[in-house]
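Enquirer: So the sequence lines, in the order shown, correspond to chains D and V. Residues in the first sequence are numbered from 1 upward in steps of one, following UniProt numbering. Residues in the second sequence are numbered from 1 upward in steps of one, following UniProt numbering.
Keep in mind that the hints were calculated from the coordinates and are not lab data. Worth double-checking, as some hints may not be accurate.
Intra- or inter-copy, both count: the list cannot distinguish identical chains.
[As the list claims (entries may be wrong)] No more than 35 Å apart at the CA atoms, straight line, and that leaves these computed lysine-lysine pairs for DSBU-like: (1) 363 with 79; (2) 79 with 374; (3) 297 with 363; (4) 79 with 92; (5) 79 with 366; (6) 92 with 363.
Protein chains: 2
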Amino acid sequence: MVGTVGAETMSLLSKGYGNGKLDLLPEDFDPATPPPAAVESNGVGGGRKEGEMVLGRNVHTTCLSVTEPDEDDESTGDKDAYMAGVLARYRKTLVERTKHHLGYPYNLDFDFGALAQLQHFSINNLGDPFIESNYGVHSRQFEVGVLDWFARLWEIEKNEYWGYITNCGTEGNLHGILVGREVFPDGILYASRESHYSVFKAARMYRMECVKVATLVTGEIDCADFKSKLIPNKDKPAIINVNIGTTVKGAVDDLDLVIQTLEECGYSHDRFYIHCDGALFGLMMPFVKRAPKVSFKKPIGSVSVSGHKFVGCPMPCGVQITRMEHINVLSSNVEYLASRDATIMGSRNGHAPIFLWHTLNRKGYKGFQKEVQKCLRNAHYLKDRLREAGISAMLNELSSTVVFERPRDVEFVRRWQLACEGNMAHVIVMPNVTIEKLDDFLNELVEKRSTWYPNEKVQPPCLAADIGRDNCACALHK
Amino acid sequence: MVGTVGAETMSLLSKGYGNGKLDLLPEDFDPATPPPAAVESNGVGGGRKEGEMVLGRNVHTTCLSVTEPDEDDESTGDKDAYMAGVLARYRKTLVERTKHHLGYPYNLDFDFGALAQLQHFSINNLGDPFIESNYGVHSRQFEVGVLDWFARLWEIEKNEYWGYITNCGTEGNLHGILVGREVFPDGILYASRESHYSVFKAARMYRMECVKVATLVTGEIDCADFKSKLIPNKDKPAIINVNIGTTVKGAVDDLDLVIQTLEECGYSHDRFYIHCDGALFGLMMPFVKRAPKVSFKKPIGSVSVSGHKFVGCPMPCGVQITRMEHINVLSSNVEYLASRDATIMGSRNGHAPIFLWHTLNRKGYKGFQKEVQKCLRNAHYLKDRLREAGISAMLNELSSTVVFERPRDVEFVRRWQLACEGNMAHVIVMPNVTIEKLDDFLNELVEKRSTWYPNEKVQPPCLAADIGRDNCACALHK
Chain D
1 MVGTVGAETM
11 SLLSKGYGNG
21 KLDLLPEDFD
31 PATPPPAAVE
41 SNGVGGGRKE
51 GEMVLGRNVH
61 TTCLSVTEPD
71 EDDESTGDKD
81 AYMAGVLARY
91 RKTLVERTKH
101 HLGYPYNLDF
111 DFGALAQLQH
121 FSINNLGDPF
131 IESNYGVHSR
141 QFEVGVLDWF
151 ARLWEIEKNE
161 YWGYITNCGT
171 EGNLHGILVG
181 REVFPDGILY
191 ASRESHYSVF
201 KAARMYRMEC
211 VKVATLVTGE
221 IDCADFKSKL
231 IPNKDKPAII
241 NVNIGTTVKG
251 AVDDLDLVIQ
261 TLEECGYSHD
271 RFYIHCDGAL
281 FGLMMPFVKR
291 APKVSFKKPI
301 GSVSVSGHKF
311 VGCPMPCGVQ
321 ITRMEHINVL
331 SSNVEYLASR
341 DATIMGSRNG
351 HAPIFLWHTL
361 NRKGYKGFQK
371 EVQKCLRNAH
381 YLKDRLREAG
391 ISAMLNELSS
401 TVVFERPRDV
411 EFVRRWQLAC
421 EGNMAHVIVM
431 PNVTIEKLDD
441 FLNELVEKRS
451 TWYPNEKVQP
461 PCLAADIGRD
471 NCACALHK
Chain V
1 MVGTVGAETM
11 SLLSKGYGNG
21 KLDLLPEDFD
31 PATPPPAAVE
41 SNGVGGGRKE
51 GEMVLGRNVH
61 TTCLSVTEPD
71 EDDESTGDKD
81 AYMAGVLARY
91 RKTLVERTKH
101 HLGYPYNLDF
111 DFGALAQLQH
121 FSINNLGDPF
131 IESNYGVHSR
141 QFEVGVLDWF
151 ARLWEIEKNE
161 YWGYITNCGT
171 EGNLHGILVG
181 REVFPDGILY
191 ASRESHYSVF
201 KAARMYRMEC
211 VKVATLVTGE
221 IDCADFKSKL
231 IPNKDKPAII
241 NVNIGTTVKG
251 AVDDLDLVIQ
261 TLEECGYSHD
271 RFYIHCDGAL
281 FGLMMPFVKR
291 APKVSFKKPI
301 GSVSVSGHKF
311 VGCPMPCGVQ
321 ITRMEHINVL
331 SSNVEYLASR
341 DATIMGSRNG
351 HAPIFLWHTL
361 NRKGYKGFQK
371 EVQKCLRNAH
381 YLKDRLREAG
391 ISAMLNELSS
401 TVVFERPRDV
411 EFVRRWQLAC
421 EGNMAHVIVM
431 PNVTIEKLDD
441 FLNELVEKRS
451 TWYPNEKVQP
461 PCLAADIGRD
471 NCACALHK
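Let the sequences and hints guide you as you build the complete structure.
Expert: Here's what the structure looks like:
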């Protein structure tokens with residue numbers, strides 16, 4: 001049963017069926033074709049060479065083949081039993097993997113039991129959220145409710161914004177930068193080099209001139225460097241990606257200083273467009289003391305945030321809000337849908353808005369505030385404990401991303417699902433990350449570390465260049 | 001309870017909470033701000049002017065606001081009760097809307113009860129499907145199983161293809177055309193004017209030169225016109241979007257004739273890139289007798305298909321397959337993910353591959369063949385009955401899309417969720433569309449029509465220009 005299509009089924013297939021001719025598969029089709037020669041991980045241990053990137057395992061060797069049903073499956077129930085078995089094992093893995101996850105900013109703490117009933121419907125918000133399409137199985141009434149909530153958070157009136165629920169943070173960035181480019185077709189895209197890779201992907205996709213700006217050791221954009229890059233390009237408008245939480249260090253670019261820098265360089269407000277990539281912190285920042293405020297009362301063009309990160313959602317999704325005046329540049333009426341299409345994707349997952357609506361309603365601004373505070377507290381706890389154990393670590397003031405020395409063992413990194421870059425790894429403290437989980441992680445790390453560095457011959461890496469001398473605990477800087 | 005944030009909650013909010021300062025909403029925030037002045041539908045009746053597009057209703061007037069929880073919600077259970085009520089009503093609408101849906105190519109007949117257990121997990125296949133990322137809560141093993149199934153359907157070896165499960169058909173087109181542009185940076189995009197709007201959106205996004213090609217009355221690409229457009233542009237490579245089922249008429253472009261035309265115009269195989277947009281029919285065609293075969297044994301670059309259409313899936317999704325050799329041009333290693341990113345979206349819904357895997361396993365090639373045959377039979381039934389009733393109608397040979405005279409009543413169009421363009425409407429006969437449903441629809445249409453056209457003073461529109469004289473039943477052509 002399990003495996004690839006058997007010879008028996010194949011011959012059955014090639015006989016054809018009913019009044020259509022089935023001519024699908026070559027007779028010499030070999031189900032045992034070897035998997036592609038993909039880049040393999042170099043396994044466990046400290047064998048990673050400087051600068052060499054460790055890629056994950058090749059999935060082709062472990063994938064679950066789709067198999068043709070046997071003739072008698074319906075009577076024997078074999079196929080259903082096989083699939084139920086696969087799913088039960090998979091569920092177990094998910095429970096285990098969810099338990100040990102620390103490296104990505106996904107809030108895995110949610111309960112959408114009440115929404116299970118909706119899985120039977122093909123819900124699609126195709127086209128514009130504000131204009132009903134002829135396809136009736138949609139969830140726009142939830143989507144617009146969610147958008148209004150975010151519009152209010154970022155201080156823009158209902159009749160002045162346009163937005164939609166995206167498939168992920170990347171779609172928000174792709175959309176924001178596209179709107180910027182349509183407003184300023186010859187604009188130059190400026191982004192700090194620690195911006196999310198989707199920003200540079202956008203520049204390439206959209207054939208935009210792109211200037212990378214240096215960062216401070218915290219990961220924030222370096223506005224002195226920004227200034228030096230703006231001045232020689234003053235003849236062209238500026239499109240700026242501002243990070244409300246960078247991917248690796250959780251650094252928050254100083255929006256006010258970015259605007260001030262633009263003004264100082266002689267850019268009037270009609271000569272620049274700012275997109276705020278608030279993937280994770282776009283939703284946390286409003287609740288953090290002293291955080292520079294993201295608000296449409298400032299001269300910004302768009303803000304995006306992920307929905308599966310701080311809010312938590314079974315599938316990736318995001319929210320994108322921009323000014324109504326910009327969107328008219330982009331949209332074109334699509335009669336087929338009886339709607340406008342100013343989105344990137346067109347067809348859009350109608351379940352995600354309901355998940356978001358459900359969580360926002362239950363938690364409210366107040367509930368999110370509580371959770372943000374818990375995350376920041378726990379992040380401080382983790383950073384302090386790491387430093388006490390003599391491990392290099394940094395935590396930005398407005399962030400729950402704890403950056404520390406990259407663990408030497410690939411298996412350890414995988415087990416805790418840490419995101420790594422160069423000599424750094426990070427843990428992002430989300431609402432589902434408890435003190436107990438952090439303690440388990442810390443104890444295991446300290447124990448493993450004593451085997452990685454048993455004596456002075458092998459030393460932990462120096463992180464001074466990555467996170468600053470003060471945060472580095474290497475032999476030289478401790 | 002229901003409504004916007006009450007004054008009481010607001011004052012509670014502005015007091016601040018814990019050690020963070022809450023400074024969210026302006027005191028003078030007016031929850032009664034009027035909705036944006038969006039384009040309104042012009043209502044029921046025959047008031048539509050020629051060429052005027054009917055947009056759907058503005059959702060802002062009917063949306064479900066997110067409200068801040070009251071202090072005592074947890075003890076009273078009021079909020080939970082409110083939300084349960086909203087969801088129950090919504091579910092009822094979905095049942096009703098699903099029952100009457102005919103115009104969009106979504107198979108609404110699925111049962112994923114066995115998968116409800118997975119809704120508790122945040123499943124994300126970020127980055128490349130074939131290389132595991134450090135984020136462990138993924139479903140790549142299912143995804144690659146599904147991709148292999150499609151690779152086999154479209155005749156490409158496992159070690160020669162690359163692909164991924166997308167968020168929708170549009171993402172497949174955006175990806176295929178982007179790959180084409182990266183292979184031929186100065187290539188011209190050719191697409192028939194009846195191509196899906198996402199193809200033209202791609203051209204604009206990617207800043208590509210785009211040439212629209214005329215169509216035959218069936219909706220197929222007109223290869224004589226294609227030839228005349230190719231010849232003067234021979235110095236530049238060609239990137240061609242081939243429709244395996246157009247959106248409105250379900251017309252299938254003749255892939256072999258397109259290739260032959262390119263060859264006749266002197267384009268060698270290393271001077272063109274063909275993307276096949278198989279949104280709906282990409283999965284039906286292999287099971288249709290006499291259909292031109294979509295196969296990587298021919299000189300094509302990529303094929304995309306939607307997963308929520310013929311297969312059926314609670315949320316939009318799709319499959320994109322291209323040649324491994326092309327993808328190396330596009331991908332760049334993203335260390336943060338320990339994976340490559342050659343996708344458009346980056347973060348990707350990990351539930352969709354499991355839904356697809358589940359359905360492919362249950363139905364198999366054989367099951368799909370049966371369903372395709374049923375759809376084609378039922379589509380013929382509908383077309384014949386329409387013609388018998390004296391209504392203009394067309395059905396392309398390889399298609400289950402029945403094009404007919406646009407109903408005069410906007411409410412009727414909405415009730416049956418018909419997609420319309422100009423004087424045409426269409427029904428797409430999917431596996432969940434039974435003869436009974438078609439009969440209900442036909443009876444209602446015939447009855448309503450007798451009120452729309454009570455005498456000879458008001459005549460149904462002429463569709464000769466849209467679907468040909470032979471298919472037109474207007475006063476002049478019947």
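Enquirer: Now look at each hint and say whether the structure bears it out.
Expert: Checked hints:
| no. | hint | verdict |
| --- | --- | --- |
| 1 | 363 with 79 | between (42 Å within a copy, 11 Å between copies) |
| 2 | 79 with 374 | between (46 Å within a copy, 24 Å between copies) |
| 3 | 297 with 363 | within (26 Å within a copy, 54 Å between copies) |
| 4 | 79 with 92 | both (20 Å within a copy, 33 Å between copies) |
| 5 | 79 with 366 | between (48 Å within a copy, 15 Å between copies) |
| 6 | 92 with 363 | both (29 Å within a copy, 26 Å between copies) |
The structure shown violates none of the earlier numbered hints.
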